Amino acid sequence: MKVSLFATCLANALYPDVDLTMAKILTYLGHTVDVPDGQACCGQIAFNSGYFDDAREVARTLIDAFEKSEVVVGPSGSCIAMIHHYYPFLFENDPVYLAKAEDLIHKSYEFTQFIVDVLHKPDLGAKYKAKATYHPSCHATRLLGIKDAPLTLIEHVQDLELLPLPESQLCCGFGGTFSVKMPKISEAMVAEKAEHVLESGADLLLGLDMGCLMNISGYLEKINKPIKTMHIIQLLGEGMKNVHI
Amino acid sequence: MSTYKPIVEKRVDNALTNDFLRKATRRATDRLRHNKYNAADELGDWEKWRLAGDTIRSHVIANLDYYLKQLITQVEKNGGHVHLAQTPSEAVDIVSKIARDHGAKTIIKSKSMVSEEIHLNKVLEKDGISVVETDLGEYILQVAGEVPSHIIVPAMHKTRQQVAEIFEPLAGHPLSSDTPTLTKFVRQQMRQKFLQGDIGITGCNFAVAETGSITMVTNEGNGRMVSTLPRVQITLMGMERIVPSFRELSVLLNLLGRSATGQRLSSYTTILTPPKQSTDADGPEEFHLVILDHNRSEILGDPTFRQSLKCIRCGACFNVCPVYRQIGGHAYGSVYAGPIGSVITPLLENDWEKWGHLPYFSSLCGACTEACPVRIPLHDLLVKLRARKTMTGHTPQIEKRIFQAYRYMFTHEKTLRQALRLGARFQFPFVQHDRIVSGPPPLSNWTKSKTLPKVASKSFMYLWAEAKHKGTIPTPNSKE
Amino acid sequence: MTNTNDFISLLASKLGRSTPQSAPEPAAFDVPSFQVSSQERVRTFLDNWQALGGKGAIVKSPDEAIQCLQEWFGDLSFAQTTNQGTIVSWNLLPAFAESAFTTLNWPLARYSQAAPSPQDRHQLAAQAELGVTGADWGVALSGTIVTSSNPQRGRAVSLLPPRHLTVMETSKIRNTIAEILSEVSALENPPAALEFITGPSRTSDIEMDLSIGVHGPIEVYVLLIDDSEDTASNSSD
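Residue numbers (our numbering), protein chains in the order written: chain A, 1 to 245; chain B, 1 to 480; chain C, 1 to 237.
Okay, chain A solo, but in the shape it has when bound (with noise of 0.2 Å):
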């Protein structure tokens, strides 16, 4: 299968390696991988502070990028959700996109299910040694209702014990620009999560949006309490290094 990246604005500017990683655990599993130019972002940072004109342009430009795609997948659990929950609703008024947003929601996917529901992967032969926790971000969960496939992937690396988070269905605080324009609340939203992640006892936080895994690691670093966090597909290409991916 001819697989198209989604690198998010998130992960492309910041994890490079995320984006890297996953095209490398892809072609590992034999398919044949491009990153289309153009791609940049989903529009969700404009979108959820309400500028829907704004976010409407970008979210054009990605449909653009990925109208020749096969099949598109990406790193995060959001950046797909904007597409499949909002695209709809962005481009109602505009029937020759919104025919192609249709088409893009029909064949994009977030990662883990992408490989767990769609390639029927779920054992990537993935060995890491840890105490680990799983942070199920919010707009996988409860608009993608991405629930299992992440925890089949985790479950099936060796050596790696997953323990439970407390509250895990408590949002981090994060919610982009969120951030930024309440972050007071947002501090306190992430001072729980942290507290949960400590109690949890794991010594690795896993999750599958950067978006989130930056939120609590940097509060988590700030505290002075840094544990190690990564996304399922850090974690996976870490624990691939024995296959040589």
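Check before you lean on any hint, since a few could be wrong.
[Claimed, not checked] Here are the computed lysine-lysine pairs in the DSSO-like style, where the Cα-Cα straight-line distance is at most 27 Å:
no.	chain 1	residue 1	chain 2	residue 2
1	B	Lys-454	A	Lys-241
2	A	Lys-181	B	Lys-5
3	A	Lys-24	A	Lys-184
4	A	Lys-181	B	Lys-105
5	A	Lys-2	B	Lys-458
6	A	Lys-184	B	Lys-448
7	B	Lys-23	A	Lys-225
By construction, these hints were calculated from the structure, which means they are not laboratory data.
Owing to the predicted nature of the structure, the values given are computational and were not obtained by experimental measurement.
Given chain A's structure and the hints, the job is docking chains B and C onto it.
Just chains B and C now, with coordinates in the frame of chain A:
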């Protein structure tokens, strides 16, 4: 900048530095949420129930004129009086005129959010009438001179010691702060007041259009007191709080009790078709139903936000909201707090200056939408309210510029690639130990409490292009 | 105060049409049903009632009813006196209850007969130690008793005294409130008050700490009279 901005910030600061409030909010919402999960699970297929609740409420809203007319006709046929109020002040005038006409000295009230919405007590008290809130939580707040912080548990921000101190002047002696003592004290205090009330004012959970009935749900029994003992009953309702008939009512009662407190049915569910029959042994002889619009008709005419009228005021969205969990109800500043309050307050009050902050009291995590028993897409409505605020010119210029720049950059990916290269090169003043630890606003809002990774020296798009150029892109065949 | 026609036509204009002249097609919905056998229904009712702190028993004969009442109320001062007014009741109770109270020689003050004015009736109920009522229905799923108002029944009887006793035949117990509301719908007019009572008066308003009896009854009792045809059931307790 809005003149209200410092006020909002102060309220948030007050909340965030009030440890008891935050602990109490966590405790209350955790308890209510877990009770709800149990009660919902027990019913089997909660999603089916939610769908039914949504269907019923949507149907009512789509036919609100018909059902309201039917309700009015039916209440009048039963011998009740209906008063329609376009504005809060009209509603207050109606109630205070009824009170004057009856020479009322004491009014006893059970819980009514509409009475809070129209700020009724202040006016009645100015008229020299003693108004008694009879819900325990509301009574605590009335004596303390405060407003509710939760729609179901109004005084949850008060400690038992504070409650004892609030009641001591009334008792005239020190009170122990254990719950049975305080409860017993209120029972004794309230008895005479119940028996002496000239008028009872109640809220209305659902009015039944077909029969002209009103339904009231309480756990303490004060709603029954207020609707049984005084000679005159006044019920206040928002105009959307209707069900067509008893058939729909049973579904909504099931959803309400379970969603609000995790009860199968609240302790007292009272379906009144007032006034009393002439030969009935007791009950109010005279009944007034005050129906309030207060911009609900504007919301009805707005297809985007019409759905917010489906709300049954159960408070389930409060109990899952991570923002409410941290700041409690008072920080919102509005009568209706929590996610639903953030949606309806700017619309009801029609004032962006004063209430424009509310749609931003959400990380858009979607927990509210998931919890709503009538499937109001609350977080979607919050984001659409932000857009409404933006499009009607109520957001700052600087914000608009930022998003214009964002739009340019993220529709020109090649330029973005170069910009990220530059950013990586010039971020050094803000970097310490490989992390960004300071920056200009609005970045500083982040770096005050969190570090940020550096902009990568080569973005992924750059790296990939480079690899493509060098021919080193991994391919399925190239792997070992 | 706005005129009704103006108020309604404003809404119609907001909905972008004129107000329908006839009733809209009712909303179509489907919810899971809860149905159990009649024997299980009684059991479920009683379990739920007791789980909320209510006391309850199923009796098959007046003797059992007397035993039960003595057990519940025999220690109370009113049971030993002939003081009129410590027990207030509806004008008419199920026959079992009437004969039990007569045998026990516990006088019942009949709410609407004992006092002419509503205020006096309220005082009577407020001073009573026990209020005794019948019920029209019970709800198994929630452990609820349902009473409707009429001239022989006071609403305050189940509300003002600190103890409330309901005497009800087991055949009146339904599965859900939906069944009861559909029976009420079949009446020509609903009663002025239809009260669903589920356990004692409760509140968690102080620090989420459950507390009983802030306004309504502190103790609630239900005496279920087994009128099932199958008297082989041995579920009295």
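(message) Hint compliance check: list the failing hint numbers for this structure, sorted ascending.
(response) Of the numbered hints given earlier, those the structure breaks are 3 and 4, listed in rising order.
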